[in-house]
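Asks: Spelled out from the first residue to the last, the chains are:
There are 2 protein chains.
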Amino acid sequence: MENKGISRAVIKRLPRYYRYLGELKEEGVERISSSELSSKMKVTASQIRQDLNNFGGFGQQGYGYNVNYLFNEIGRILGIDKKNNMIVIGAGNMGQALTKYTSFRSYGFDIIGVFDVNANLIGKSINGIVVQDYSEVASFIRNNPVDIAVLTVPKEAAGSIAEYLVQLGIHAFWNFAYTDLRLGPGIVVENVHLSDSLLRLSYEVKSKGASND
Amino acid sequence: MENKGISRAVIKRLPRYYRYLGELKEEGVERISSSELSSKMKVTASQIRQDLNNFGGFGQQGYGYNVNYLFNEIGRILGIDKKNNMIVIGAGNMGQALTKYTSFRSYGFDIIGVFDVNANLIGKSINGIVVQDYSEVASFIRNNPVDIAVLTVPKEAAGSIAEYLVQLGIHAFWNFAYTDLRLGPGIVVENVHLSDSLLRLSYEVKSKGASND
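Just so you know, the protein sequences line up as chains S and Y, in that order.
For the first sequence, numbering that gives the first Met the number 0 gives the first residue as 0, with consecutive numbering after it.
For the second sequence, numbering that gives the first Met the number 0 gives the first residue as 0, with consecutive numbering after it.
Mixed in with the good hints there might be a few duds.
Since the list gives no way to pick one copy over another, a pair counts as held whenever it fits inside one copy or between any two copies.
[Unchecked claim] The calculated SDA-like cross-link candidates involving lysine to any residue, where the alpha carbons are at most 20 Å apart (straight line), are:
1. Lys81 - Gly63
2. Lys207 - Arg181
3. Lys11 - Asn190
4. Lys41 - Ser124
5. Lys81 - Phe103
Hint data in this document are derived by calculation from the structure and do not stem from the laboratory.
Model, not experiment: these values are computed from the prediction.
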């Protein structure tokens, strides 16, 4: 069965299902009803049933969901069973932190190259990966299968770097630069805008503060 | 004028408006119509008008929006004009990367303390801030005004740490731990779940790949 025509809203929620099911699995829970999952996740039970129905429905009426089965199936749908090779462009603070993260590897994400233009960073070893000169990126991509480019570069540079990498055959970007990339159709971009997140927090803190006046 | 009763959906979009207006400002653009902003941001012009109307409407019919004024007003609404003191709990890779980020400071976010339980990290200086023993956090909070706690700790530890900090008077959390925090009412949490983001990317890469078969 293929998973065609699933809305982006459902896809956006799948990693969260995956995370909660992983926690339940660790707690030794074998079955869970949509209403129990609902109260845990603070999503309505009917939304849970609807969402999971998109994938053929893993639930049995009256028995709830098999946690382990559902966890594995969602993992498969998300592509956890497939290996993804990543390169990191920008070996600054964030690039280094992501390269040192080992937990992504358990999901099949492997950082196989790190690049920078800064002579002070080139040659430095991060978690066993030596930072290469960004001018080498084209030959690297020709010689190694790269699925995803992680951009941890200043926003001014992000657009032109992404376009260059698209020309080199990269179709997926995990973008940490503080700008939205405008790339062609068929190019996948997932943005992590930390400043946007911090500003939402700032708003909440401010509006709480005001209500205590 | 107060900004009461604004939906969370609008608030979520405000940092993005702020970012685009900042880019326009840098490009020297003084005025922009909702339809121009619409094509830039890929949001409908009517949504832009509706969203900005929530804040008293900065637009003049036929003249568009004054970029600088709108940028400053949204900044004020988001609380950029207020200083927020932050502490970082967890001086690992991500904690260190966030502590080294200087761009948050321009939004009024100041990291004033970093804490860890790891003896190898305690005493280490990150961007001029010395990592303190986590057992000192209570006295630190008593003696320093702290607005936001940044959690870059393992998910197993995040819940109990957050509850402890709530008892110490912290009401806002920027949570990087791979779990949703369940805290009481009135406590503000903004989650950055990098793994969720990576899994969404993984799904997209996988489904594109499949369509090329």
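Asks: A separate judgement is required for each hint: does it hold in the structure or not?
Replies: Checked hints:
{"no.": "1", "hint": "Lys81 - Gly63", "result": "neither (28 Å within a copy, 49 Å between copies)"}
{"no.": "2", "hint": "Lys207 - Arg181", "result": "between (36 Å within a copy, 18 Å between copies)"}
{"no.": "3", "hint": "Lys11 - Asn190", "result": "both (13 Å within a copy, 14 Å between copies)"}
{"no.": "4", "hint": "Lys41 - Ser124", "result": "neither (43 Å within a copy, 40 Å between copies)"}
{"no.": "5", "hint": "Lys81 - Phe103", "result": "within (13 Å within a copy, 36 Å between copies)"}
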